[in-house]
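What follows is the residue order along each chain.
There are 2 protein chains.
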Amino acid sequence: MKGLMQDWPLTVMSIIDHAKRFHGEREVVTRTVEGPIHRTTYADIHLRARKTAQALTKLGVKQGDMVATMAWNTYRHMEAWYGIMGMGAVCHTLNPRLFAEQLTYIINHAEDKFIIFDTSFVPVIEAVADTIPNVKGFIILTDKAHMPETKLKNVYCFDDLVEAEDGNFDWADVDENDACGLCYTSGTTGNPKGVLYSHRSNVLHALAANSADAIGLRSVDAIMPVVPMFHANAWAITFAAPAAGAKIVMPGAQMDGASIYELLDTEQVTTTAAVPTVWLMLLGHLEKTGAKLPALNKVVIGGSAAPRSMIETFERDYDVTVMHAWGMTELSPMGTLGAFKAGMEDLPFEKKLDIKVKQGRAIYTVEMKITDDDGKELPNDGVAFGHLMVRGPAVAASYLKGEGGQILDEDGWFDTGDVATLDPLGFMQITDRAKDVIKSGGEWISSIELENTAVGHPEIVEAAVIGIVHPKWDERPLLIVVPKPDTKPTKESVLAFMEGKIAKWWMPDDVVFVDEIPHTATGKIQKLALREKFKDYKLPSASAAE
Amino acid sequence: MKGLMQDWPLTVMSIIDHAKRFHGEREVVTRTVEGPIHRTTYADIHLRARKTAQALTKLGVKQGDMVATMAWNTYRHMEAWYGIMGMGAVCHTLNPRLFAEQLTYIINHAEDKFIIFDTSFVPVIEAVADTIPNVKGFIILTDKAHMPETKLKNVYCFDDLVEAEDGNFDWADVDENDACGLCYTSGTTGNPKGVLYSHRSNVLHALAANSADAIGLRSVDAIMPVVPMFHANAWAITFAAPAAGAKIVMPGAQMDGASIYELLDTEQVTTTAAVPTVWLMLLGHLEKTGAKLPALNKVVIGGSAAPRSMIETFERDYDVTVMHAWGMTELSPMGTLGAFKAGMEDLPFEKKLDIKVKQGRAIYTVEMKITDDDGKELPNDGVAFGHLMVRGPAVAASYLKGEGGQILDEDGWFDTGDVATLDPLGFMQITDRAKDVIKSGGEWISSIELENTAVGHPEIVEAAVIGIVHPKWDERPLLIVVPKPDTKPTKESVLAFMEGKIAKWWMPDDVVFVDEIPHTATGKIQKLALREKFKDYKLPSASAAE
Chain A
185 MKGLMQDWPL
195 TVMSIIDHAK
205 RFHGEREVVT
215 RTVEGPIHRT
225 TYADIHLRAR
235 KTAQALTKLG
245 VKQGDMVATM
255 AWNTYRHMEA
265 WYGIMGMGAV
275 CHTLNPRLFA
285 EQLTYIINHA
295 EDKFIIFDTS
305 FVPVIEAVAD
315 TIPNVKGFII
325 LTDKAHMPET
335 KLKNVYCFDD
345 LVEAEDGNFD
355 WADVDENDAC
365 GLCYTSGTTG
375 NPKGVLYSHR
385 SNVLHALAAN
395 SADAIGLRSV
405 DAIMPVVPMF
415 HANAWAITFA
425 APAAGAKIVM
435 PGAQMDGASI
445 YELLDTEQVT
455 TTAAVPTVWL
465 MLLGHLEKTG
475 AKLPALNKVV
485 IGGSAAPRSM
495 IETFERDYDV
505 TVMHAWGMTE
515 LSPMGTLGAF
525 KAGMEDLPFE
535 KKLDIKVKQG
545 RAIYTVEMKI
555 TDDDGKELPN
565 DGVAFGHLMV
575 RGPAVAASYL
585 KGEGGQILDE
595 DGWFDTGDVA
605 TLDPLGFMQI
615 TDRAKDVIKS
625 GGEWISSIEL
635 ENTAVGHPEI
645 VEAAVIGIVH
655 PKWDERPLLI
665 VVPKPDTKPT
675 KESVLAFMEG
685 KIAKWWMPDD
695 VVFVDEIPHT
705 ATGKIQKLAL
715 REKFKDYKLP
725 SASAAE
Chain B
185 MKGLMQDWPL
195 TVMSIIDHAK
205 RFHGEREVVT
215 RTVEGPIHRT
225 TYADIHLRAR
235 KTAQALTKLG
245 VKQGDMVATM
255 AWNTYRHMEA
265 WYGIMGMGAV
275 CHTLNPRLFA
285 EQLTYIINHA
295 EDKFIIFDTS
305 FVPVIEAVAD
315 TIPNVKGFII
325 LTDKAHMPET
335 KLKNVYCFDD
345 LVEAEDGNFD
355 WADVDENDAC
365 GLCYTSGTTG
375 NPKGVLYSHR
385 SNVLHALAAN
395 SADAIGLRSV
405 DAIMPVVPMF
415 HANAWAITFA
425 APAAGAKIVM
435 PGAQMDGASI
445 YELLDTEQVT
455 TTAAVPTVWL
465 MLLGHLEKTG
475 AKLPALNKVV
485 IGGSAAPRSM
495 IETFERDYDV
505 TVMHAWGMTE
515 LSPMGTLGAF
525 KAGMEDLPFE
535 KKLDIKVKQG
545 RAIYTVEMKI
555 TDDDGKELPN
565 DGVAFGHLMV
575 RGPAVAASYL
585 KGEGGQILDE
595 DGWFDTGDVA
605 TLDPLGFMQI
615 TDRAKDVIKS
625 GGEWISSIEL
635 ENTAVGHPEI
645 VEAAVIGIVH
655 PKWDERPLLI
665 VVPKPDTKPT
675 KESVLAFMEG
685 KIAKWWMPDD
695 VVFVDEIPHT
705 ATGKIQKLAL
715 REKFKDYKLP
725 SASAAE
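Heads up: the protein sequence lines correspond to chains A and B, in order. For any residue, its number in our numbering is found by taking its place in the first sequence, counting from 1, and adding 184. For any residue, its number in our numbering is found by taking its place in the second sequence, counting from 1, and adding 184.
Read the hints as simulated data drawn from the structure, not as lab findings. Incorrect hints may have been included.
Since the list can't tell identical chains apart, any single copy or any two copies may satisfy a pair.
Unchecked claim - The calculated DSS-like cross-link candidates involving lysine-lysine, where the alpha carbons are at most 27 Å apart (straight line), are: (1) Lys482 <-> Lys708; (2) Lys525 <-> Lys482; (3) Lys246 <-> Lys685; (4) Lys685 <-> Lys482; (5) Lys204 <-> Lys708; (6) Lys337 <-> Lys204; (7) Lys472 <-> Lys675; (8) Lys708 <-> Lys623; (9) Lys337 <-> Lys553; (10) Lys536 <-> Lys668; (11) Lys708 <-> Lys242; (12) Lys186 <-> Lys246; (13) Lys668 <-> Lys535; (14) Lys204 <-> Lys536; (15) Lys688 <-> Lys335.
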């Protein structure tokens, strides 16, 4: 028997409609790419999004078409989002940090019809323009006065397009399962793969994000998403904030410590979210200037693990609650957030940090478990670590055009590629990437834990651990370190330092010293390159075992 | 083009599954009907719900069957809920305050297969047992030691049934649109009508309820739903609390001020929800004993309008935030909640109360507008009042078996039967029931506002206003008042008191004095009975106009 409730589709348009009616006066403040601070409201964003939809319709964009954006977090980007999605097209966010070949691949693979971008990215788009023949036109997110010179053809000025319309537009009649967003993930192997979000997945994710124990936005909040809209939906904030009626503060292109601090301060931001590198810059600025953050309540840190010292500094020196988060593009992106459970607030500071360094608890609508290599579920004891598996309405079922094949197991679980522990209170901690785990004699060794231990050595700048083939143990860890300038640590001193801090059988079999460890564009260690470089490396213990 | 996200149905089982895995240790504390305080956890509730489902299956209950409950808020009621819904059956909550004939009608109309009820309701069920031939058996929510004597046939002891099972049960494979809950509304005319909730509507409503600006439960919270589970889903709390991992404190059958205070105090309740009458009893108890409420942060008040003095007392004397709410069975039930917007917290106390007496803002997923008699939308200026219309995924589309016919307009809006204003900041205020509004010369007069003004008179206990047919104005207001004991207010003194407090043309055309005003079982004024009583009443002004 079916229930007798209304068939009310979960669409992102319903979010901006809600914001218009119940929070029409609430501000969206932007540091524009052109420079000045710009202030608008949800009512005006709603109006200009409708006008955007009208303009795109006139340009020939149809329901289901792909329209790409390459833009910083600004009010215009938000208008473009809701305009594209509101007409039933799909907003494909392009990451400007990608290499030209990757951009070409992605734009052609997605079959983007138009690209909407900031003035700062004119050179990036010009560099690929000849390789993307299906793109019919280019829309630059600025006004007439700031339109740049460009050799691109079929170029439009966003404000001109918008201002030519009357806003008399009804949102497209879409099914909640229709696609509305697209974001590619760049795996370490193979081509980037597209995650195709639906209206439903975005709405459910925004609802989960607004739960009091997640990002938990209220209408009195001012939220600054430093995490970019081109990076996995800005962690749901551009959907969650209008649903809650929170003020949004958009940092535009300026993410340095001084610029971020200025907005936090002048706009009285209460909640903000970004990756650790942004916070390093902000904390550096605060230390230098002695500035404080009286309005800020909560900082959400994700993208990569927040260092303990960063959490400590925010909480102790600035009285800001750190909420550690974990997610990935395939999860829309949030999976876990680190809100305390009952009693934790009363723990001693160091015990609290022990919990805060974990990645947090799954939000409701995200199912989560850890398994061994055979798919058997492992205990949630905070010790056992295994493949982190997830299910949920905002988790990818497959990639665009079937790239990568079947990505769910027979019970519908998605393998995140991460290795993690789950503790009895539900807190998850990432211990490694599955492909980086060292498998020694059937047991797993966490490369990340070895690296974190090694960098505690006073003469080490950075450390990486990879598995090296071993005749007896399958793999054994090799520690690769970059010494601090003008120091000469020895293998013996490094191993002596690590002894007692980790299990005996986890001790690296060898230590090599290098000048530099290779990194990806987003600052992560390129383990693939290291494995390639050391593929013929022979451990001393291997010779002994042979 | 469809999105490529997981097909993860929104089921209430996913809520209790989440609670089991991430909040398995969190407590559900009950003042049992038998007397003692009982403590259990979400992990145990999950286990006993599965056992309940097994037991019901053995008794012949099938997916889609109706199983009724008539029970106070207790852990056993919660186990029964999740057991019934988890096996794909529909949990039909019976209101024990209904008359026997209404119960008979409802149980037969719903085609209930079993009735699960507290020991306190044995006489109520016995009284109707002979009139409900389709009911196959009766399950009493207690243990063997407390099983009462009863003349009912096919009686089972809930704990016996549960304890005979092993819990090895997989939740039913349901569609998210399948029915899972049923609650009848008792309209003022005609038979009660059944609202049939789906898994989807309950899940979406719980997500909306957990938004930080709504009830906003966090895992550190302890929530006491005084509002009964048999009354419109206990305002979503039995779904929202396990989704958030909040502790639940169940008051059982004792709703007097002393009992409620004791639980608030000993269990350190942070959030609670009930109708105004419950809070009157609690405030009376606090005043008498001088007790305070240091742990309590938030009290949600709905069901009927919270008096200004009650809000004032909670906020000023007990430092408890009052959140005024409005909803109805057809809305699952919540429509609005009164969280402040930016800047309101800094207003003077009296200005804050002006906002708090309003019913609040629509939660995201509830669309809301006000219209005139022709369906034309009225301005949101806080002055114009009209029919309050709603849409949303947790709003009824029709009643069980089509009772009452088509209940949505052609655009899918549900007419709440309330008359309200909407102000520019989105706050809604109920001004009347549509059928109680006095229509005078094409304009509307709010009966509630006249009543509220009249009871300010020092010699009036209670007041009711109804419309009396008038040859010139269609209708004019008649004020019916109950004088305070040993006072003799006059028509002239009452009208003089009201003058200047309301618009001139709103002034009642006549005042009559009565010993008593008739009330419904839930304490509301029976305007229908008053209209019947005064149907031949002739206003002095009518004679003049003829």
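Evaluation of the provided hints:
Proximity of Lys482 to Lys708 under the C-alpha cut-off of 27 Å is restricted to the intra-copy arrangement: shortest distance 25 Å within a copy versus 45 Å between copies. For a Cα distance limit of 27 Å, the shortest separation of Lys525 from Lys482 qualifies both inside one copy, at 16 Å, and across copies, at 19 Å. Taking the closest pair of Cα atoms, Lys246 and Lys685 never come within 27 Å of each other, the shortest separation being 60 Å inside a single copy and 57 Å across copies. For the identical chains of this complex, Lys685 and Lys482 are neighbours neither inside a copy (32 Å) nor across copies (47 Å), given an alpha-carbon limit of 27 Å.
For the homomeric pair Lys204 and Lys708, neither the shortest alpha-carbon distance inside one copy (40 Å) nor that between copies (35 Å) is at most 27 Å. Taking CA atoms no more than 27 Å apart as the test, Lys337 paired with Lys204 passes in neither setting, with 36 Å inside one copy and 58 Å between copies. Within a single copy, Lys472 and Lys675 get their C-alpha atoms no closer than 37 Å, and across copies no closer than 76 Å, so neither meets the 27 Å cut-off. Taking identical chains as interchangeable, the C-alpha atoms of Lys708 and Lys623 lie at most 27 Å apart only when both belong to the same chain, with a minimum of 22 Å there against 71 Å between chains.
In the homo-oligomer, the alpha carbons of Lys337 and Lys553 never lie at most 27 Å apart, since the shortest distance is 51 Å inside one protomer and 46 Å across protomers. Taking the closest pair of Cα atoms, Lys536 and Lys668 never come within 27 Å of each other, the shortest separation being 31 Å inside a single copy and 60 Å across copies. Proximity of Lys708 and Lys242 under a CA criterion of 27 Å is satisfied in neither setting, with 43 Å inside one chain copy and 56 Å between copies. For the homomeric pair Lys186 and Lys246, the shortest alpha-carbon distance between copies (15 Å) is at most 27 Å, but the shortest distance inside one copy (34 Å) is not.
In this homomeric assembly, Lys668 and Lys535 never come within 27 Å of each other (Cα to Cα): the closest approach is 31 Å inside a single copy and 62 Å across copies. For the homomeric pair Lys204 and Lys536, the shortest alpha-carbon distance between copies (24 Å) is at most 27 Å, but the shortest distance inside one copy (40 Å) is not. Taking CA atoms no more than 27 Å apart as the test, Lys688 paired with Lys335 passes in neither setting, with 62 Å inside one copy and 71 Å between copies.
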